[in-house]
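Going down the list, the sequences are from chains A and B. Here my numbering = 1-based position in the first sequence + 47. Here my numbering = 1-based position in the second sequence + 8.
Please note: incorrect hints may appear among the correct ones.
With the C-beta cut set under 8 Å, the calculated list includes, among others, these residues of chain B facing chain A [what the hints assert, rightly or not]:
#1 Q80
#2 C96
#3 A98
#4 K110
#5 S112
#6 P132
List time: in silico EDC-like cross-link candidates among lysine to aspartate or glutamate, alpha-carbon distance up to 20 Å [stated by the list, open to error]:
#7 A:K109 with A:E119
#8 A:K109 with A:E133
#9 A:K130 with B:E83
#10 B:K123 with B:D66
#11 A:K166 with A:E96
#12 A:K136 with B:D91
#13 A:K109 with B:D24
#14 B:K142 with B:E83
#15 B:K142 with B:D111
#16 A:K109 with B:D111
#17 B:K142 with B:E90
#18 A:K130 with B:D111
#19 A:K109 with A:D78
#20 A:K77 with B:E83
#21 B:K123 with B:E90
#22 A:K109 with A:D80
#23 A:K139 with A:D67
#24 A:K118 with A:D87
Negatives, chain A to chain B, calculated, CB over 10 Å [said to hold, decoys possible]:
#25 D67
#26 A83
#27 Y88
#28 E96
#29 L100
#30 V103
#31 S110
#32 N116
#33 P129
#34 T173
#35 Q174
FYI, nobody ran anything at the bench for these hints, they're computed from the structure. Just so it is clear, CB atoms sit at the ideal spot from N, CA and C, and this is done for glycine as well.
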Amino acid sequence: MYGYGVSLQVGLGVAIPLLDEEMARFTGVKDEDIVAPIVDYSRNYPYSEGGPLGQVNYQELKSGQITVNGKEVPTGSLSSYPKAREIAKILKDWIGTGHFLLSEPAQLLPSADSGLTFKPLIERPTQEEVV
Amino acid sequence: MATRRVVFHYPRRLIDAPVVSQIARTYNLEFNILRANITPQSEGLMVLGLEGSSEDLDKALAWVQQQGVDVQPLERNVVRNEDHCTQCGACVTICPTAALYKDSQTQQVYFDSDKCIACELCVPACPPRAMAVKF
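The following block holds chain B by itself, in its conformation from the complex (with noise of 0.2 Å):
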């Protein structure tokens, strides 16, 4: 079982068009949309996780983006937002990857996003709430 995050973006002529529930169905997907913008007479824009076999999402997303959506994987950042930030070090243990981490003689906390998988622990744990995820 495989998750992924894509973006669909729906031309005018397919707003109409049920991608999502048609590809639940035909390659058995579990989908939990994050963000819709669909207006009548317009481009949409969809933000979802869909969860299945990997073979299963592999055909799905070519399905979907040969009838005409374009199909992007999701990029999720966690960004840190510094004047939130009280460097108390709640996060350092937490990060699997240490992207967040303390110099040990200023005690200060960094954060290298490079490092960061974005699995979104630091999120709750941070007290001032100094941890966002944007997608």
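Here chain A stands alone, though its shape is the one from the complex (with noise of 0.2 Å):
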């Protein structure tokens, strides 16, 4: 992909049962209320600098244009609505025609207290030996 190299584009479908008042509340969540930064590719990202140019919601974002330190600044995106509502309908219908059943889980994923953290690349300076 342009920029990032060799990339894998995949969709996942998954189906989230709402099983309580809880699960509800956290899916019912409005895009205006899906928060995000916005990070600097040139800089923020790659060398951990600095931080986020402000943060901005999915209402914004997906209003085609965000302002960014007072400029008008397009928004695009790179994962697909409209493929991602094709793949919940399939899996709705399974659901529907039961063939997608509720099952125990077989393990749980690792939640916000799991205490997993993720290891930032320590990026060590090459150095050419001169002969």
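Using the hints, build the complex out of the two chains.
Encoded structure:
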């Protein structure tokens, strides 16, 4: 992919069972409540320098333009909502026709209190030895 | 400096005529042959890009036509393969004319080819390689 190198574009449809009010509340979150940082990919991201340029919510992002440092900037996406809806519908149909059933979990996914952390990549400077 | 992409149709009698090298020398043009289909005893076709001053380009193409070679401007079209397009939207912000755009409600990606200027920026930007240039 342009600027990313060799990439895989993968779409995954996951059916989330809404078994209680808490899950219904979490999954009922609106676009305007989903917030993301604006990250500078020239410095912030590759060099872990500095902080985000601001925050936006998904409603703003989906509108096609946001304001960054007073400037109007167009927004795009890298994942497909239409395809996501298509896959969601397939899952819904499977569930509706009894071809996809709720089962006991085999193993729980680690949650926020699991203590798992990301290890940052520590770059070692390369040294060229002059012979 | 201007660039022009043209299609030359050679009649049979001019197959051996060094038209391209002639205009390159006489009118000081750079040329880039994109496609050539010249067979002996038959008509010939050449698609090429020519670079030079507007004045020289005009004179060169007029001379070529005078020799009996038909000259047509090249129509370059960008086409979208609807089956390959995953509606991801990677092409949308890169398109300078908004020929590729998204419906803000459905997030569907649309391609208005009337607005397309065939800049070809969307071609490498498209992850599933759904965009292509057709001569």
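Taking the hints in turn, this is what the structure says about them:
1. Nearest Cβ of chain A to the Cβ of Q80 (chain B): about 33 Å, over the 8 Å cut. The hint is violated.
2. The beta carbon of C96 (chain B) is positioned within 8 Å of a beta carbon in chain A (closest approach about 5 Å), and the interface hint is therefore held.
3. Of the supplied interface hints, the one on A98 (chain B) holds, with its beta-carbon coming within about 5 Å of a beta-carbon of chain A, less than 8 Å.
4. Of the supplied interface hints, the one on K110 (chain B) holds, with its beta-carbon coming within about 6 Å of a beta-carbon of chain A, less than 8 Å.
5. For the restraint placing S112 (chain B) at the interface with chain A, the shortest Cβ-Cβ distance is roughly 5 Å, inside the 8 Å limit, so the hint holds.
6. Interface hint at P132 (chain B): satisfied, since its Cβ lies 5 Å from the closest Cβ of chain A, which is below the 8 Å cut-off.
7. About 14 Å separates the Cα atoms of K109 (chain A) and E119 (chain A), which keeps this hinted pair within 20 Å; it holds.
8. Simply put, K109 (chain A) and E133 (chain A) have alpha-carbon atoms about 18 Å apart, close enough for the 20 Å limit, and the pair holds.
9. Taking the CA atoms of K130 (chain A) and E83 (chain B), the gap is about 33 Å. The hint is violated against a cut of 20 Å.
10. Our distance criterion of 20 Å between C-alpha atoms is broken by K123 (chain B) and D66 (chain B), whose separation comes to about 27 Å.
11. For the proposed pair K166 (chain A) and E96 (chain A), the alpha carbon gap of about 17 Å is at most 20 Å, so the pair holds.
12. Pair hint K136 (chain A) plus D91 (chain B) holds up; C-alpha atoms about 19 Å apart against a cutoff of 20 Å.
13. A distance of roughly 58 Å separates the Cα atoms of K109 (chain A) and D24 (chain B); the hinted pair therefore is violated under the 20 Å criterion.
14. A distance of roughly 8 Å separates the Cα atoms of K142 (chain B) and E83 (chain B); the hinted pair therefore holds under the 20 Å criterion.
15. Taking the CA atoms of K142 (chain B) and D111 (chain B), the gap is about 26 Å. The hint is violated against a cut of 20 Å.
16. Of the supplied pair hints, the one linking K109 (chain A) and D111 (chain B) holds, its CA atoms being roughly 9 Å apart against a limit of 20 Å.
17. Our distance criterion of 20 Å between C-alpha atoms is met by K142 (chain B) and E90 (chain B), whose separation comes to about 15 Å.
18. Annotation: proposed proximity of K130 (chain A) to D111 (chain B) holds, straight-line Cα distance about 14 Å (limit 20 Å).
19. Annotation: proposed proximity of K109 (chain A) to D78 (chain A) holds, straight-line Cα distance about 9 Å (limit 20 Å).
20. Distance check on the hinted pair: K77 (chain A) and E83 (chain B) sit about 46 Å apart at the alpha-carbon level, beyond 20 Å; violated.
21. Proximity of K123 (chain B) to E90 (chain B) is assessed by CA-CA distance (about 18 Å); at most 20 Å being required, the pair is judged to hold.
22. Proposed proximity of K109 (chain A) and D80 (chain A) is supported: the alpha carbons are some 13 Å apart, at most 20 Å.
23. Of the supplied pair hints, the one linking K139 (chain A) and D67 (chain A) holds, its CA atoms being roughly 19 Å apart against a limit of 20 Å.
24. Straight-line distance between C-alpha atoms of K118 (chain A) and D87 (chain A) comes to about 15 Å, which keeps the hinted pair within the 20 Å bound.
25. With a closest Cβ-Cβ approach of about 30 Å to chain B, D67 (chain A) is found to remain outside the 10 Å limit, as its non-interface label requires.
26. Consistency note on A83 (chain A): stated as away from chain B, and its beta-carbon is indeed over 10 Å from all of that chain's, at 15 Å minimum.
27. No beta-carbon of chain B comes within 10 Å of the beta-carbon of Y88 (chain A); the shortest separation is about 13 Å.
28. At the 10 Å boundary, the C-beta of E96 (chain A) stays outside the reach of chain B, the nearest C-beta of that chain being 24 Å off.
29. At the 10 Å boundary, the C-beta of L100 (chain A) stays outside the reach of chain B, the nearest C-beta of that chain being 16 Å off.
30. Distance check for V103 (chain A) against chain B: the nearest CB is about 14 Å away, which clears 10 Å, and the non-interface claim stands.
31. Not every Cβ of chain B is farther than 10 Å from the Cβ of S110 (chain A); the closest lies at roughly 5 Å, contradicting the non-interface assignment.
32. Residue placement check: N116 (chain A) keeps its beta carbon more than 10 Å from all beta carbons of chain B (closest about 17 Å).
33. The claim that P129 (chain A) is not at the interface with chain B is violated, since a C-beta of that chain comes within 10 Å of its own (minimum 4 Å).
34. Look at T173 (chain A): its CB is around 29 Å from the nearest CB on chain B, clear of 10 Å, so calling it non-interface holds up.
35. At the 10 Å boundary, the C-beta of Q174 (chain A) stays outside the reach of chain B, the nearest C-beta of that chain being 34 Å off.
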